[in-house]
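These protein sequence lines map, in sequence, to chains A and R. With positions in the first sequence counted from 1, the corresponding number in the numbering used here is that position plus 5. With positions in the second sequence counted from 1, the corresponding number in the numbering used here is that position plus 7.
Not one of these hints is a red herring.
Okay, the calculated bits of chain R under chain A, using three or more residues with CB under 8 Å as the criterion: (1) 17-28; (2) 86-92; (3) 105-113.
These aren't lab readings, by the way, just hints derived from the structure by calculation. Each residue gets a CB set at the ideal place from its N, CA and C atoms; glycine is no exception.
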Amino acid sequence: MSALDLLQGLSQITWVALAVVSAVSAVRRPTRASIDTALFFGALGSVLVYSKIVALLELPSVGAVVFVVLVVLMAAPYLLLRLIRDFGGVPAAVRRAAEAGLVLSAAASVPLVLLPTPTPGETPPPDPLRLAVTLYLVVYFAAVSIYCAARCAQLAATSRGMTQQRMRSVALASYLLGVVLLLAGVGAVAPVLAPVTSGLSQLCFLASAIFYGIGFVPPNTLRRYWQIPELRSFLARSSTLPRLAMQEIVDDLGGVAGRALGARATIGLWDDPGGVLRFRDPHGALPTEMGPSGFIAWRVFSSQQPMYVDDVARVHPENAEAYRRAGVAPVLAAPITAGEHRLGVLEVFAPREPLFAEDDLQFVLLMAQQAAVVLESRALIDDAARVRAQEETARMKEDFVSAAAHDLKTPLTTIVAQAQLLERRAEREGRTAELDGIRRLMRETAQLSRLVEEILDASRIERGAFPIHPEDCDLAVIAREAADRDRPGRQRVELAISGPVSGRFDPDRARQLIENLLENALKYSPEESEVVVRAWCDGDQARLSVTDGGIGIPADDMPHVFERFRRGSNVDHRRFGGIGLGLFICRGIVEQHGGRIWAESQPGRGTTFHVSLPRMPAGTGGPDAVPAGGVASR
Amino acid sequence: MSVLAVDDDPSILDLMEDILSGEGYRVLPAANGLEALRVLDADRPCVVLLDMRMPTMDGWGFAAAMRDRGLRYPVVVVTAAENARAWAQEIGADAYLSKPFQLRDLLLVVERFCGPAGRPGGDPSGTVGFAY
Chain A
6 MSALDLLQGL
16 SQITWVALAV
26 VSAVSAVRRP
36 TRASIDTALF
46 FGALGSVLVY
56 SKIVALLELP
66 SVGAVVFVVL
76 VVLMAAPYLL
86 LRLIRDFGGV
96 PAAVRRAAEA
106 GLVLSAAASV
116 PLVLLPTPTP
126 GETPPPDPLR
136 LAVTLYLVVY
146 FAAVSIYCAA
156 RCAQLAATSR
166 GMTQQRMRSV
176 ALASYLLGVV
186 LLLAGVGAVA
196 PVLAPVTSGL
206 SQLCFLASAI
216 FYGIGFVPPN
226 TLRRYWQIPE
236 LRSFLARSST
246 LPRLAMQEIV
256 DDLGGVAGRA
266 LGARATIGLW
276 DDPGGVLRFR
286 DPHGALPTEM
296 GPSGFIAWRV
306 FSSQQPMYVD
316 DVARVHPENA
326 EAYRRAGVAP
336 VLAAPITAGE
346 HRLGVLEVFA
356 PREPLFAEDD
366 LQFVLLMAQQ
376 AAVVLESRAL
386 IDDAARVRAQ
396 EETARMKEDF
406 VSAAAHDLKT
416 PLTTIVAQAQ
426 LLERRAEREG
436 RTAELDGIRR
446 LMRETAQLSR
456 LVEEILDASR
466 IERGAFPIHP
476 EDCDLAVIAR
486 EAADRDRPGR
496 QRVELAISGP
506 VSGRFDPDRA
516 RQLIENLLEN
526 ALKYSPEESE
536 VVVRAWCDGD
546 QARLSVTDGG
556 IGIPADDMPH
566 VFERFRRGSN
576 VDHRRFGGIG
586 LGLFICRGIV
596 EQHGGRIWAE
606 SQPGRGTTFH
616 VSLPRMPAGT
626 GGPDAVPAGG
636 VASR
Chain R
8 MSVLAVDDDP
18 SILDLMEDIL
28 SGEGYRVLPA
38 ANGLEALRVL
48 DADRPCVVLL
58 DMRMPTMDGW
68 GFAAAMRDRG
78 LRYPVVVVTA
88 AENARAWAQE
98 IGADAYLSKP
108 FQLRDLLLVV
118 ERFCGPAGRP
128 GGDPSGTVGF
138 AY
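Based on the sequences and whatever the hints tell you, model everything.
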């Protein structure tokens with residue numbers, strides 16, 4: 006077997022194999038492009054099979070059969086042209102010219118079949134008609150092939166990624182096929198050159214088969230290989246992507262997906278409050294906002310299943326014109342979902358049906374999953390920034406409240422001391438008529454001072470800057486002092502205290518705690534009723550309770566009793582003053598002592614506030630604690 | 008007996024004058040630390056009532072300058088700030104008074120350093136501290 010035979014055999018096998026593969030794929034998924042592909046490879050493959058059978062079995066050539074074979078062969082370039090039209094469009098004039106050329110070829114083949122076949126070994130006499138017909142057929146075949154090559158080169162130049170690779174491959178294959186035909190023409194005109202031209206033409210024929218295969222029916226491994234560079238560059242960038250603005254991320258993701266598949270892509274993001282998918286750069290037939298509908302993007306988003314549609318106009322015939330104008334024929338779409346969190350849809354679309362394969366859906370799904378990771382990271386970054394901003398606002402608010410309350414103290418200083426001075430002088434000089442007014446002034450000023458202090462305390466607690474200064478003291482003594490203070494109301498304060506309740510507490514804050522609870526109890530209690538203050542030791546805990554027979558706390562309000570600015574829903578704000586800070590401060594004091602405060606209440610019957618403080622809180626028993634009072638010794 | 012009152016708020020200075028002169032003390036007013044130092048060139052008060060946050064020279068500056076000159080007068084920090092006690096300790100003051108203060112606390116603290124001016128005082132009410 007000569008090298009030429011081997012080459013010939015290889016190229017025959019390749020063509021026939023491509024014919025079989027494309028026929029199988031056309032049967033599996035019969036689209037215009039897959040059928041055209043099968044016809045093209047089938048035409049050449051069947052001619053090769055026929056001639057092989059004739060040669061092997063040494064069959065006599067029958068005129069009619071030879072004619073059919075010739076016509077099928079001559080149909081190959083026309084089928085190629087149809088295929089190019091499926092991929093990128095061919096002007097109608099060119100198509101008509103090719104059809105006319107084909108009819109002419111069929112007509113021209115008739116004399117070729119009718120003329121007597123020269124017997125092998127015998128040099129045929131030169132026949133001008135045969136030569137002319139052969140030349141016409143060769144030139145027609147070569148011209149159409151070379152036109153297809155040029156058109157594909159043009160398509161390759163305007164496309165990218167995988168599509169560009171495929172078009173380049175088809176262009177090269179078509180040039181090679183043209184060369185095969187030209188070499189055949191040279192061989193026919195100058196038979197002396199035949200040994201050279203036939204070898205070269207077999208080589209070109211094999212190469213063109215391979216490149217057609219790559220271009221028209223690329224194996225999946227090759228498709229993946231073409232997608233890798235884009236995927237790699239995307240992965241290299243993906244760690245920095247979440248830092249970009251949302252829109253840049255979406256554009257970048259769409260760009261990568263589009264480039265990898267040699268197509269265009271758009272991303273629809275789910276707008277949860279709006280209940281719609283929002284597309285920034287939708288193709289002409291896609292709305293910018295999409296609610297429940299039959300659109301592929303919506304179907305994919307709601308079903309969470311990826312989808313490949315080879316001709317979207319078939320799915321939405323009502324939008325066919327818009328799709329055509331927008332250059333959308335096949336669509337690949339996949340949901341962008343992070344865990345349970347549905348973020349949106351990735352849609353890749355191309356102007357021509359054969360540009361995508363079923364297998365590309367896996368790639369789109371992979372891209373959508375990567376997009377989900379990037380978008381979810383972006384959302385987390387946004388959330389963190391929002392929380393920081395909220396914290397900053399809260400801090401500024403606290404700072405403002407603190408500064409405002411502080412500034413109130415300066416004028417209060419003058420008012421408080423001046424009122425006390427007036428009282429002192431009026432008392433001394435016996436101007437009793439003025440005393441009532443002055444004392445009213447003092448009472449209200451004291452109330453104002455207390456409010457300012459409460460606001461400052463609450464703000465300190467909120468900022469976590471509420472220090473206590475524990476020292477050895479007796480809660481029983483402090484409770485007694487608090488209970489004994491003169492109060493305006495007519496309720497009675499009963500003390501139920503047996504023995505000392507000593508421990509390490511901040512005496513000023515403990516007094517504030519008991520007074521707040523007591524005032525709270527008195528405020529909401531009816532006239533002539535009784536408020537009971539209890540204090541006792543319970544192991545290592547100091548216990549306090551303040552019980553009233555007041556209006557009580559509704560069950561719904563119970564969880565919020567100790568929150569800032571909270572007042573009971575059953576409180577008549579005109580009747581009972583206050584800004585809802587007292588119990589919040591009580592909780593702050595108790596928690597600073599490492600203790601616990603809680604309430605028990607029966608609406609309409611009364612409330613008991615319970616406090617439990619560790620008598621020896623951890624870390625406060627050091628010898629450096631300072632005693633109260635006393636002039637510094639220097 | 009004279010009391011040096013240092014405060015950038017003229018109302019407070021007037022108030023001190025009003026209260027303390029009525030009790031038989033002489034009040035030497037100063038609007039900031041620098042003025043107070045000038046007063047000390049001519050007078051020898053029995054106590055300095057010192058605001059902390061003032062323009063030109065604040066309470067810290069005044070305390071340092073006084074130390075530099077070897078002057079030793081009892082100092083009472085009078086401030087509306089939360090950390091009156093800490094600031095008093097910081098500059099080595101003898102006591103502190105939180106604004107708004109009670110009249111009797113002011114009288115008590117002045118009496119403590121200047122001796123009684125004839126009128127009775129009372130128990131401290133919480134705005135005064137001598138505590139460290």
